[in-house]
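Student: First residue of the sequence shown: 1, per our numbering; consecutive thereafter.
The hints are simulated quantities; they were obtained by calculation from the structure and are not laboratory data.
Keep in mind that the hints are not guaranteed to be accurate.
Simulated crosslink set (EDC-like; lysine to aspartate or glutamate; CA at most 20 Å straight-line) [stated by the list, open to error]: (1) LYS54 x GLU44; (2) LYS54 x ASP68; (3) LYS54 x ASP83; (4) LYS6 x ASP83; (5) LYS25 x ASP68; (6) LYS54 x GLU29; (7) LYS6 x GLU62; (8) LYS54 x ASP30.
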Amino acid sequence: AQVQQKMSLETTEGTGINITCSHPKKQIEDFIHFYRQLPGQSPEFLALAARGSKDVPAVAGELWVSQDRSRSALWLGWPRRGDAAVYYCALGP
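Based on the sequences and whatever the hints tell you, model everything.
Tutor: This is how it looks when you write it as C-alpha cells:
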C-alpha cells in the first residue's frame, strides 16, 4: 500500500488527537493530502503539505510531515462532536 492509517481512533470532545499516516515510499514530488468525509456527505479536502507543518483552520488543527517525508499527522487540537468523520490521507501531486 502507498499509505497506511489506523482503522479507528477515538477521543472525547475537547481532547486533542493525532491522526497519523505512514507513507515510506513517498516520492520527493508527492504531497500528502488529508480529507475527511462526514456522515452522508462527500469527502472534503482539508490540507496538503510536502514537508514541515501548516495550520488547518477547518479542524482548528495542524498538518505535520516528517523531515524524511515518511510519516505525517493531522492534529485536531479541540475536536467537537461535529468532527466525527472518516479521515483519509493520500499521496499525489
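Student: Now look at each hint and say whether the structure bears it out.
Tutor: So, going through the hints one by one against the coordinates:
{"no.": "1", "hint": "LYS54 x GLU44", "in the structure": "18 Å, holds"}
{"no.": "2", "hint": "LYS54 x ASP68", "in the structure": "17 Å, holds"}
{"no.": "3", "hint": "LYS54 x ASP83", "in the structure": "19 Å, holds"}
{"no.": "4", "hint": "LYS6 x ASP83", "in the structure": "17 Å, holds"}
{"no.": "5", "hint": "LYS25 x ASP68", "in the structure": "11 Å, holds"}
{"no.": "6", "hint": "LYS54 x GLU29", "in the structure": "18 Å, holds"}
{"no.": "7", "hint": "LYS6 x GLU62", "in the structure": "18 Å, holds"}
{"no.": "8", "hint": "LYS54 x ASP30", "in the structure": "16 Å, holds"}
Taken one by one, the earlier hints all hold for this structure without exception.
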